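2 protein chains.
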Amino acid sequence: MEVVVTRDELHKQRHALAVKHHHKEMERPLIGLVPTMGALHRGHRALIERMCAECDVSVVSIFVNPKQFGQGEDLDVYPRTLDSDLSICRAAGAHIVFAPADEEVYPPGYSTTVSVDGMTARWCGQSRPGHFNGVTTVVAKLLGACRPDRVYFGEKDFQQLQVVKRMVRDLDIGIDIVACPTVREEDGLAMSSRNQYLSPSERRIAPRLYAALKRMAACYSGGVQDVESLIVEAKQVLYPSGDDTIKVEYLAIVEPEALTPRERAQHGDRALIAAKLGTTRLIDNIALTGGEVG
Amino acid sequence: MEVVVTRDELHKQRHALAVKHHHKEMERPLIGLVPTMGALHRGHRALIERMCAECDVSVVSIFVNPKQFGQGEDLDVYPRTLDSDLSICRAAGAHIVFAPADEEVYPPGYSTTVSVDGMTARWCGQSRPGHFNGVTTVVAKLLGACRPDRVYFGEKDFQQLQVVKRMVRDLDIGIDIVACPTVREEDGLAMSSRNQYLSPSERRIAPRLYAALKRMAACYSGGVQDVESLIVEAKQVLYPSGDDTIKVEYLAIVEPEALTPRERAQHGDRALIAAKLGTTRLIDNIALTGGEVG
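One line per chain: the protein sequences are A and B, in this order.
Going by my numbering, the first sequence opens with residue 1, and the numbers climb by one from there.
Going by my numbering, the second sequence opens with residue 1, and the numbers climb by one from there.
For reference, chain A alone in the conformation it holds in the complex:
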């Protein structure tokens, strides 16, 4: 595995590996990318393993993107665990890790922003103004630097996934965005680099987020389509015996592409939640499938 910190090194390594992995029968090798902010956990590992199984050349980027953090957010304390991250990438089979410094990604004079309107004003975009502009800008930039054919994102950040899909479609970028299922702790809590901020008592109740989403999906499967009723069900799980430790920021059922809110749930819709436990903000989501719940 090669660890590179500049775009020039990345291009060289990417080219060298592409030549090495070039199959005679193929026009050119398939390049994969998993963009991350490091602090890698089993969720990232699943993305990297899937990329390595599907692609000829597998690239992981590790970059804590300052543009997607707002004022007062956790940029300064966001976990940086490069050694452990590299071990995980190596074990998962990545060929290249691209771990640039801030000034490599945004050199002096950098002036460009890629933004997606509309769907970014809602949900996480409402409490994190500018966040999605930071995400789309850095993803556009990483797509330019890595030139992948396939990019792997977790469904845990569902709005981010849909925003990136929108950008890629709108700008005809011509890469496949591969959405991968959320990886969870045994008690259902969605894997997140921010879970380590939770106190032991917060950690114990954090699985209620997913339990609430599962309750909504189960009720929907059972025939309940009225969103208000589904939210009442979820709240019974979130606030047992009136315990209000979980501060819900939003809880909604949305059309899964533009993320517009529904009043009556439909097959394929998504239930979304964001909540604070103390100072830690967690998000999760689930598909409403009518059939199984997962």
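It is possible that part of the hints are untrue.
For identical chains, the list gives no copy identity; a pair is met inside one copy or between any two copies.
As the list claims (entries may be wrong) - Restricting the straight-line Cα-Cα distance to at most 35 Å, the calculated cross-link-like pairs of lysine-lysine (DSBU-like) are:
(1) Lys165 <-> Lys67
(2) Lys12 <-> Lys276
(3) Lys247 <-> Lys67
(4) Lys276 <-> Lys165
(5) Lys12 <-> Lys235
(6) Lys20 <-> Lys165
(7) Lys67 <-> Lys12
Keep in mind that the hints were calculated from the coordinates and are not lab data.
Quantities reported herein were computed from a predicted structural model and do not represent experimental measurements.
Since the structure of chain A is provided, determine the placement of chain B on it from the hints.
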């Protein structure tokens, strides 16, 4: 020459031609693009001919981009001359003309903007708010749809050229932007699709713009570096005997990359002018080279 109106057809034609023009000794054929808004003149033709001389597959896009016109600007009356445009493309040797409708470029749900800050606030950006966001968005989109290796722009729209270069560099798009000299009428007027808006009397005095720029460049070559003095020289050409038909919007000497204004001119700087003749807005520019004037 193939004329295509959808991105799908464009991809198919581009691929078919790339296979046909594939040289054994090359890794892959070189794809060129000249993005235009139609109303093609000899300036465009020079771009297309240069592309055809340098590239294996030559694409011209013709799209009057509504996003780069402001309210009250000339979108509705902008000249549409597709038949003549196609003849020019054919004569110049283009392989593909991509002439999409508005809804092909911006289909329902389209939500993405690419913007360059800072340098777009000045000069044309000041009198045409939103113009450069429209330019960078459509160019990013056309680069996605056409996937060229080289894109040809005229130096006449000098700020546009620098803004596009900035975007391509910032997003690591990895294509060459080729800047081509402004093509002029015999009397020096820069070729522009908007020249046809000029009345006969306006047309007669329009060459003063370039004459004024040439005077500045000649004075700079002669040792004058003070920008205020250079502008006084230019105004003597623009307003002979107090004739104020030409309404100057800006006249400046700028550093040629970020386009920041200078007080003392330096080698390689650019003199920029924008002016209105009646309702027609014209722009032009010249390099300060210290040596020859051209």
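*Homo-oligomer pair classification [Lys67, Lys165; C-alpha up to 35 Å]*: both (19 Å within a copy, 22 Å between copies)
_Homomeric proximity label, Lys276 with Lys165: Cα distance no greater than 35 Å_ = Classified as within: same-chain Cα gap 27 Å, cross-chain 43 Å, threshold 35 Å.
*asked:* My question is about Lys67 and Lys12: at a cut-off of 35 Å on alpha-carbon distance, are they close within one copy, between copies, both, or neither?
replied: within (27 Å within a copy, 37 Å between copies)
*Could you place Lys20 and Lys165 in one of the four classes (within, between, both, neither) given a Cα distance threshold of 35 Å?*
both (30 Å within a copy, 33 Å between copies)
_One pair to classify: Lys247 and Lys67, alpha carbons no more than 35 Å apart. Within, between, both, or neither?_
within (26 Å within a copy, 42 Å between copies)
*If the cutoff is 35 Å on CA atoms, where do Lys12 and Lys276 land: within, between, both or neither? Let me know, please.*
Answer is neither; intra-copy 43 Å and inter-copy 50 Å both fail.
*Is the C-alpha distance from Lys12 to Lys235 at most 35 Å within one copy, between copies, in both cases, or in neither?*
neither (53 Å within a copy, 52 Å between copies)
Violated hints, in rising order: 2, 5; the structure is consistent with all others.
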